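J.: Construct the entire structure; sequences and hints are all you get.
In case you want the letters, here they are:
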Amino acid sequence: MIARILMIVLMLAMAGCSDSGDDTGFAGLAESVTSPSGNGGFLQPGPDIGISLPEDFGPHPRYRVEWWYLTANLVTPSGAPLGVQWTQFRQGFRPRDPAAAPEPGAWSLDAAWMAHAAVSWQGRHWFAERLARADTGAAGARADPLDVWLDDWQLKALSGKTWQLNVRSHKPAAAFRYDLTLTLRGEPVLHGQNGFSAKSASGEGSMYFSLVDIDIRGTVTIGDDTIPVTGQGWFDREWSSQFLKSGQQGWDWFALHLDSGDKLMAFRLRGSEQPFVSGTWIPKEGNPQALGNQDLSLAIVDSRDGYPVRWRIRVPSRNLDLQVAAPPGRYVNPGRFPYWESPVQVEGSRTGVGYMELTGY
Amino acid sequence: MNAAAALFSHYRRHPLQLVALALMILISTMLWSGMNHLTDQARSSLGRAEQSLSEGSQVIREDGAPVTVADFARLRRAGLCVMPWLEVPDPDGVGRLIGIDPLAAACFASGAMSGEQPALDGEPFIDMARAARLAGSPGDEAPPLVLLAADSVSADGLPTGYALASFARGPDTGELGASFLLNLDALGVLVLLITALLLRAVYQLSIVQRRDSFALLHRFGVPGKRINGLLMIEVLVLAGVCVLPGVWAGAQLARALGEGFGRSLEGLFDVTLYADGSQWWRSILVMMIVVLIACLPVRTLPHWLKRSRGVGWLGLGLLAIGMVWVAWSPGLVWTFVAVGLVFVGAGVLVPRLMAGIMATLSSRVDDPLGRWRYRELGVMARQLALPVVALQFTLALVLAVQTLVTTFEATFEQWLDQRLAAHWYVQVPEGRSGDRAADWLAQKLEPGTAAWHRIRRGTVMVDSGAGPSHRVDLLAVSPIGPLMEKWTLQSSLAHPWKLLADNQGVLINEQLALRYGVGVGDSLVLTLNGRVQSRTVLGVYADYGRPSGEVLVNGADLPADFQPEFESFSISPGGRGEAWLVSGFERIWQVPEIEIRENSDIRAMATRVFRQTFVLTRAMTFLTLTLAGTALLIMGWVFITSRAWYLQLLVTWGLSRREAFGELVRVSLGLTTTVSLLALPLGVWLTWVLVHRINPQAFGWSLPMAVYPGFWLELLALSTVIGLGIAALMGRQLRPGRMVALPANQSGGGER
Amino acid sequence: MTPPVLETKGLSKSFVSGTERVDVFSGLDISLAPGQSLSLVGRSGSGKSTLLNIVCGLESADCGTVSILGQRFDTGDAESPRARERRWASLRRQRIGVVFQDANLMPALSLADNVRLRARLAGRSTTDSQDWLQRLGIGELANRYPDQVSGGQRQRAAMAMVFAMQPDLILADEPTGSLDRHTADEVADTLFALQADAGVTLVLATHDTELAGRCESILDMAHRNDPGPGG
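Protein chains in written order, with this note's numbering: chain A, 1 to 361; chain B, 1 to 752; chain C, 1 to 231.
Honestly, I wouldn't trust all of these hints.
[Stated by the list, open to error] Selected chain A positions facing chain B (in silico; Cβ < 7 Å):
no., residue
1, 100
2, 104
3, 112
4, 131
5, 132
6, 136
7, 138
[As the list claims (entries may be wrong)] What follows is a list of derived Cβ distance ranges for each label pair:
no., chain 1, residue 1, chain 2, residue 2, range
8, A, 98, B, 582, 45 to 53 Å
9, B, 151, A, 98, 37 to 45 Å
10, B, 590, A, 50, 38 to 46 Å
11, B, 18, C, 18, 17 to 25 Å
12, C, 17, B, 710, 33 to 41 Å
13, B, 658, C, 44, 45 to 53 Å
14, A, 179, B, 457, 43 to 51 Å
15, B, 316, C, 17, 54 to 62 Å
16, C, 33, B, 677, 52 to 60 Å
17, A, 316, B, 133, 55 to 63 Å
18, A, 275, B, 255, 54 to 62 Å
19, B, 241, C, 19, 32 to 40 Å
20, B, 662, C, 17, 29 to 37 Å
21, A, 179, B, 525, 56 to 64 Å
Hints listed in this document are in silico derivations from the structure and should not be mistaken for laboratory results. All of these numbers come straight from a predicted model, not from anything done at the bench. Note that the Cβ used here is the ideal one computed from N, Cα and C, for glycine as well.
T.: Structural data, given as structure tokens:
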């Protein structure tokens, strides 16, 4: 009974949470953006800001939204592919000085945290969601040593190059957990212009960098079965204050590990106008190259249940012509703001694996 | 002029009567809907308390310290679904608001998404941040944070240092709550009844005065049905116009009384009054119906009650059954039903009894005027049956409640005297310990002339061997000395204080004994700071006015690391003075200023708080009495207006107006005095029921039965005032030069 | 010389209706010796009942004098209202019997108790109340209550009460007004018989010209001419 009452209260409160009056939902995950939102005192990202590490692994309370995001293309001992996603979002309601954290006992609601975890295996998809208010200690993030947590989900640095991710879902319908050790290789990749990744022609965008070469091993437990896994991961850090431009409906995003050792990040923002396309080509030897509208094309080849599940991605300057496809199954994360998140298989001029995120459908 | 205009012209000629009627509807609506508003709120608050009791549990710290946001974070990070729950007073209104964190609450929903969803308008839930602001800074006065646990949280899964407890800060409210609601409902029905009587009285007055107009209209060919229809429209319009502002005023009344009401609710049941939207439309509907019922069938209502002889026997039967039933009733609900039976029986019987008594008296009197007086009283008793019965009930209720409260007060004061036996009281300052002060007192004070003890309070987990453990209050006293030995114990082993001083066991309060079925000689398992001990119950002491269970232990028996929530000293320093104590404590605790208080001040304060708790009860009964008195007054006025001719007959027969007024006074005083005399046995009986049957079951503690003849005299005086009021109103009819016309309906010989 | 039982001199009464002053009667002189009877006639509102009320002290005149058995009440006297009230009450109690059209009885008392009460107030013996009921032909109804007997029987009982007090003056206001013709005649017969028998002075207000004609003199309140003895 109490639970049911609280559920309703929750929905009321969530509706009232975002006091800026925009419809972007949590971290811009809502289905469509219909009204422009003022910056409400939040800083706007730009090409002059730059990325500074390790500070930027930590939270940015002067910005409205940000996330820590890991996708992993893993394999079981039998060689079957298994996908894992973990994302922790922060949604600010009031900008503030990073040094001016309120007293935990005040239960202030300057920001809220949300975490998503999913496991995709054998055509099935398990998903869990957690929420927390900021500044009570139940959820938070720290840059150095890295620590990002919400309840008992946690990504933390064990040493400079070794991280650990622990996630457990107690939901009866999706009882799973994963305990993964991440070994970081290579340098962080700054997307766009000096880490500023434009999201529209008129200049909206986010600060965005990635760790694209991560060795992962550990276990994934689904129900009572614990499966040893190994594979490679992709870690994104991204923050902004106005992620989507007014009129933009959602995005299609790809992070691909090619068997050649090269990596490709590509996304497309859909709106009433021409989609805005952007990406980063990351050669194995380093020296990543930003890709713009003229360098990159993303085209839908096939759709399933309203989601475009097969794509053709071309980078003519690199002679890339890729067929990217999700495996059979439905990979929708059924949280408060549903979106598609699935591993993908790459074929065509190169082969590989990767992850695809489709929002706003 | 059409019929309607002719009919309503009465109010043009008597605008005050219209105003009186309108005010009466407005005020009764206000009283009833105000009370209804409060009871509605209490009902939903109790419902919530029970709901949370049956389904909720909370995480508490095993060390007894209050939980904080740090505990919340720690538990959440251990993967446990807990959420904060902070109850704060509503700054804008009545009752309390509940602060919750909707984000933390999200995990509560996962396991329980089935079933229909209840309608909820947001109240009383508010966001934690606002609740935390309303709660103010943490301290003695700040409301405590509760960490509500989802069903998925099990005691085994908790980190060390935490325990699971039921989410009910008070006692089991099951039967207590139900009985309280019955109490409120009974009072509500009484107020509604009196409201109806009042309206009926005033409206009847205007009808009596308009009878000639009706007859005239009838003679002019307006059918009776049409006249009745017009009257119905009149009542509906009047009710419609007056009920709405009445309901609004009721909400204001509820707001004004809410604080005191909330305090009684909290004090008596530990149930918090939550702010809640009230169903105002229900108040409007009920009041409209009451107004209609009270006003429309003006001529028909009490006829069946007046004559049939079987009804008298029925009343007697109900009375007898009710009385026996109360004595043997198995539970509280049945007790209330039985009390209801007795009241119905008494209500049916009393007007008949009064008429019977008057008939007997009149036949024994030789003086024809005396005979007339008694006969006239008998007629009144029957004619005014409804207000007479209402007044009788109210008088009985007032008597019983007054006696109960006074008994309670006397007992409470005696209890306070025992608890505050020492002369001085010192609270140990924040952050200081009482250890050195205790050593100092032990050294300096002579045991023969001085007496003192140290009091430490906290909470302790108690396991009585049956059912789960409970968290109860802990009272640790040391040394056990002469200040304690005056305490009245309800039951005990031989030499309980000596045994306590020797660490041979503990004492418990009556509440704990009743609630968990523990008695003298039983053993209790106490868990304090992780230390588990079994202790024998040496005695049970009375502990009034609060619901919590409490264990009294010898302070020497506490674990060394026990951190009291509160610590104080009680001292009768013999020959030493206040200055000596103050300077000593300031030196020991290294504080610039120490507050030392006289226990008599504390006693005065406790008495004040106690009285506030009962302000509402007293106000309600007094209000009801006023209403009942007014109802009888107005009904009496109506009645005597219809008898005015006969009073004037006495004047025609040669009584001076003064003598005739004397007769009037004697008759009306005779009526009210008889009513209050007949109310006395009912009131005493009701007192007995409250003290011996209802109180122990409903509140958890018992009281001695007492009789206060002073109240009887007060009530008699009050009924005298009402009687004189009726006579004074009627005396106007006897003023010289004022001839009463023979009422049209009296030509058949008159009611006898 | 025995004083008149009832004597009025220059008696006037008026009331205010709106802004107008309406005379009910003015300069009224009446004088009635013991045993005489006078009827007051005239339409409703001509002041019959008002005059009766004034001559028994229930209302007061605007000016003029009323004397009952030599006791003089003058509107011009400086007598205190209370003392005047006391004198009037004493006269009504013992000397003046009043009979109204109806409702002359206390409803809560039996017919016999009503008669006893009236006799006791007048200071007469209560033992012969049964005799009076008997003489008025309702002796068997003595223990009935007013609502248990007919209108005619009630008026007989009212007369039994009046005669039981042995008055000097009887004021009757439409005593047969609510009765049917036959009963009215019977009641009137009894009234006049007893009046003659006891030698009581009677003032009778009535619409009924036939009944009025049975009195020794008639005063027409609407078209007033001073009544003379036997006039």
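J.: Does each hint hold? Answer for all of them.
T.: Do the hints match the structure? See the list:
1. The closest approach between the C-beta of residue 100 of chain A and any C-beta of chain B is roughly 16 Å, which is over the 7 Å cut-off, so the hint fails.
2. Checking residue 104 of chain A against chain B: minimum C-beta separation of about 4 Å stays under 7 Å; hint holds.
3. A distance limit of 7 Å between C-beta atoms decides the matter here; for residue 112 of chain A the minimum to chain B is near 6 Å, and the interface restraint holds.
4. The interface hint given for residue 131 of chain A is met, as the beta carbon of that residue sits about 4 Å from the closest beta carbon of chain B, less than 7 Å.
5. The closest approach between the C-beta of residue 132 of chain A and any C-beta of chain B is roughly 5 Å, which is under the 7 Å cut-off, so the hint is satisfied.
6. Because the closest C-beta pair between residue 136 of chain A and chain B is about 5 Å apart, less than 7 Å, the hint holds.
7. For the restraint placing residue 138 of chain A at the interface with chain B, the shortest Cβ-Cβ distance is roughly 4 Å, inside the 7 Å limit, so the hint holds.
8. Between residue 98 of chain A and residue 582 of chain B the beta carbon distance is about 50 Å. The supplied range of 45 to 53 Å therefore holds.
9. For residue 151 of chain B paired with residue 98 of chain A, a C-beta distance near 38 Å keeps the hint of 37 to 45 Å intact.
10. Under the hint 38 to 46 Å, the C-beta atoms of residue 590 of chain B and residue 50 of chain A, about 56 Å apart, miss the expected range.
11. About 24 Å separates the C-beta atoms of residue 18 of chain B and residue 18 of chain C, a value consistent with the hinted range of 17 to 25 Å.
12. A hinted range of 33 to 41 Å is violated for the C-beta pair residue 17 of chain C and residue 710 of chain B, which are about 58 Å apart.
13. Distance hint check: the CB atoms of residue 658 of chain B and residue 44 of chain C are about 33 Å apart, inconsistent with the given range 45 to 53 Å.
14. Distance hint check: the CB atoms of residue 179 of chain A and residue 457 of chain B are about 46 Å apart, consistent with the given range 43 to 51 Å.
15. Separation of residue 316 of chain B from residue 17 of chain C is about 58 Å and conforms to the stated range, judged on CB atoms against 54 to 62 Å.
16. In this structure, residue 33 of chain C and residue 677 of chain B meet the distance hint of 52 to 60 Å, their C-beta atoms being roughly 56 Å apart.
17. Roughly 59 Å separates the CB atoms of residue 316 of chain A and residue 133 of chain B, a value that falls within the hinted 55 to 63 Å.
18. Between residue 275 of chain A and residue 255 of chain B the beta carbons are some 59 Å apart, a value that agrees with the proposed interval 54 to 62 Å.
19. For the pair residue 241 of chain B and residue 19 of chain C, the beta carbons lie near 36 Å from each other, so the given range of 32 to 40 Å is met.
20. At about 36 Å, the CB distance of residue 662 of chain B to residue 17 of chain C agrees with the hint of 29 to 37 Å.
21. The hinted window of 56 to 64 Å between residue 179 of chain A and residue 525 of chain B is violated, with their beta carbons roughly 40 Å apart.
Checked against the numbered hints given earlier, this structure breaks hints 1, 10, 12, 13 and 21; the rest are met.
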